Amino acid sequence: MTIPGATMFVVTAIFAIAGGLITIWSKRPLRAAIGLLIHIISLSGMFLTLNAHLMAVLQLLVYAGAVVVLFVFVIMLIGPAAEVGPIQGRLAPRTLSIAMVVAVVLALSTSVAYFDAPWAELPEDFGTVEGLGTAIYQQAAVPFEVISITLLVAIIGAIAVARSRTE
Amino acid sequence: MGIGTYLALASVLFGIGAAGFLVRRNMLVQLMSIELMLNSVNVLLLAFNRAYPGNHDGQLFAFFVIAVAAAELVIGLSILIAYYRIKKTLDTDEATLLKY
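Chains A and B, in that order, are what the protein sequence lines are. Counting from 0, one number per residue, gives the positions in the first sequence under numbering that gives the first Met the number 0. Counting from 0, one number per residue, gives the positions in the second sequence under numbering that gives the first Met the number 0.
Derived by calculation from the structure, the hints in this document are not laboratory data.
Cut-off 25 Å, straight-line C-alpha distance, at most; resulting in silico cross-link-like pairs (DMTMM-like, lysine to aspartate or glutamate):
(1) A:Lys26 - A:Glu82
(2) A:Lys26 - B:Glu93
(3) B:Lys86 - A:Glu82
(4) A:Lys26 - B:Asp92
(5) A:Lys26 - B:Asp90
(6) B:Lys87 - A:Glu82
(7) B:Lys86 - B:Glu71
(8) B:Lys87 - B:Glu71
Predicted, not measured: the structure shown is a model, and the values here were computed from it.
Using the sequences plus the hints, can you model the full thing?
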C-alpha cells in the first residue's frame, strides 16, 4: 500500500471510530445521527483506499444521502420524546454485556490483525462502474431484480405500518 | 498496513455497534447501531475483495448488503413511528405490547 493510501486509511479509521463512539454515546438522538454521518463519510473515504470507487459513491448516496436524512426526519417528527432518559435500575446486565463485547472484540481483532495477504495486482476495471456493473448483470441479474422488488415491498410496507389509523 | 489492519478495524467497528445495541434503550439509537454493524461488514467484504481481486464477488455482496440495509431501516423506522403513536415514548423497556 502506498504512503498516501496508508495515511488516508489511518485518518478515515480514526474518524470512523470517533463517529461510531459519538453515535452510541451521545444522549441526544440528533447528535447520534451526526455521529453516524461522520462515520459513514469516513467509511466512504476508506472504500476509496480499497479501490472500490462505485461502492464509495453508493455509500455516500444511500447512507449519507438517504439513511441519515431519514433518521433526522424521524427525530424531528417525534420531537423531544426522542430523547430517552439515563439508564435506571439494574446495571449488572449492561455491564456484563459490555464486558462480553469488549472481550470478543479484543480476541477477534488481535487474532486477525496479523493475517496478511499481499495486495494483488488489480485488473483494469476493478471497482469501477463498468467492472461492477458487468459483474452485477452477468452474475447477479436475478438477485438484482429481487432487490428491486424487496425495496418496493419495503416502501409499501412502510406506508401501511406508519399510516395513521384515525379514519 | 496489510489486510489484517482492515479486519481488525472492522471488528472494532462491529463491537462499537454491538455495544450500542445492547446498552442503549433508545430505539432510534439502536437502529443506528444496527447500521454501524452492517457498515463494518461492508468494510470486511471490500477488504477481502481487494486482497483477492480476481472477481467482484465481495463488492457484489456489499452492494446487496447496502440495499437490504436500506429496506430494513425503512421498515424499522415505520414500526418505530407506529410504536410511538401508541406508547408516546421510544424506551425499549416500555415495549410490552406483546406481553399479554
